[in-house]
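Novice: Here the structure of chain A is known, so what remains is to put chain B in place on it, guided by the hints.
Here is how the chains run, residue by residue.
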Amino acid sequence: GAVVSQHPSRVICKSGTSVKIECRSLDFQATTMFWYRQFPKQSLMLMATSNEGSKATYEQGVEKDKFLINHASLTLSTLTVTSAHPEDSSFYICSARQGEYQPQHFGDGTRLSIL
Amino acid sequence: AQKITQTQPGMFVQEKEAVTLDCTYDTSDQSYGLFWYKQPSSGEMIFLIYQGSYDEQNATEGRYSLNFQKARKSANLVISASQLGDSAMYFCAIPPLSGNTPLVFGKGTRLSVIA
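Protein chains in written order, with our numbering: chain A, 1 to 115; chain B, 1001 to 1115.
Everything labelled a hint here was simulated from the structure, so no lab data went into it.
Note that the coordinates shown come from a computational prediction; the quantities given were computed from them, not determined experimentally.
Please note that a few of the clues may not be correct.
What the hints assert, rightly or not - The calculated DMTMM-like cross-link candidates involving lysine to aspartate or glutamate, where the alpha carbons are at most 25 Å apart (straight line), are:
id, chain 1, residue 1, chain 2, residue 2
1, A, Lys-20, A, Glu-52
2, A, Lys-41, A, Glu-59
3, B, Lys-1070, B, Asp-1029
4, A, Lys-41, B, Asp-1022
5, A, Lys-41, B, Glu-1015
6, B, Lys-1003, A, Glu-87
7, B, Lys-1107, A, Glu-87
8, B, Lys-1107, A, Glu-52
9, B, Lys-1107, A, Glu-63
10, A, Lys-41, B, Glu-1056
11, A, Lys-41, B, Glu-1044
Bound conformation, chain A alone (with noise of 0.2 Å):
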């Protein structure tokens, strides 16, 4: 079945740290991207939505100067939380698909804590 990479799975680092957390599609090609943040106990947030070879859209009161996405091939997106600070720490989860009706996969997340 389709696979999605996601790493790293856990990262613990200082304020004012930027953070790149990269998403892979290990066996299929992903034309979009998706990054969601998940608060404890709620659904997904969608952050954004990132297209291969162009500028990621970002949803309504997500910084983009924040979360930088950038989608450089058909397998790799990564999103970079800049100058990271405690509001940041969250659940960061990447979803690939490989077309409309398809299921979306996803990687395992990244548990970003900032102190």
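Specialist: Here is chain B on its own, set in the frame of chain A:
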């Protein structure tokens, strides 16, 4: 706009019993699909089962089956012979109206399986 409603924030079921998780949806599409995902406490989102709106039979995947009632716009997930490992959050989802946006998720149901 697409909408998913999951009215049960939490459910309990005895081990080895069957349980039904409710999902109703709203869509203006004539052709659509419904997805169910499982999210254990470790965080990963696991695709469980898909039902196409024009599929004549209810979808089944192992112990998972969909009770799809198109006229009622409901796509309930049935888990038979519950196991302790089934304890997790379960999300119902529907594809968007436009192609380049992600699945629309419900708020989820937390299932707890009791020994």
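Novice: State for each hint whether it applies.
Specialist: Tested hints:
1. Taken as a hint, the Lys-20/A and Glu-52/A pair is honoured in the structure, with Cα atoms around 18 Å apart against an allowance of 25 Å.
2. With a CA separation close to 21 Å, the supplied pair Lys-41/A and Glu-59/A stays within the 25 Å bound.
3. Distance check on the hinted pair: Lys-1070/B and Asp-1029/B sit about 12 Å apart at the alpha-carbon level, within 25 Å; holds.
4. Proximity of Lys-41/A to Asp-1022/B is assessed by CA-CA distance (about 18 Å); at most 25 Å being required, the pair is judged to hold.
5. With a C-alpha separation of about 23 Å, the suggested pair Lys-41/A and Glu-1015/B falls inside the 25 Å cut-off, and the hint holds.
6. Restraint check for Lys-1003/B and Glu-87/A: the C-alpha separation of about 29 Å exceeds 25 Å, so the hint is violated.
7. The straight-line distance between the Cα atoms of Lys-1107/B and Glu-87/A is roughly 22 Å, inside the 25 Å bound, and the hint therefore holds.
8. Only pairs whose Cα atoms come within 25 Å are accepted, and Lys-1107/B paired with Glu-52/A is rejected, the gap being roughly 29 Å.
9. The suggested pairing of Lys-1107/B with Glu-63/A holds, with an alpha-carbon distance near 24 Å, which does not exceed 25 Å.
10. This hinted pair does not check out: Lys-41/A and Glu-1056/B have alpha carbons roughly 35 Å apart, beyond 25 Å.
11. Distance hint between Lys-41/A and Glu-1044/B is fulfilled; the C-alpha atoms sit about 14 Å from each other, no more than 25 Å.
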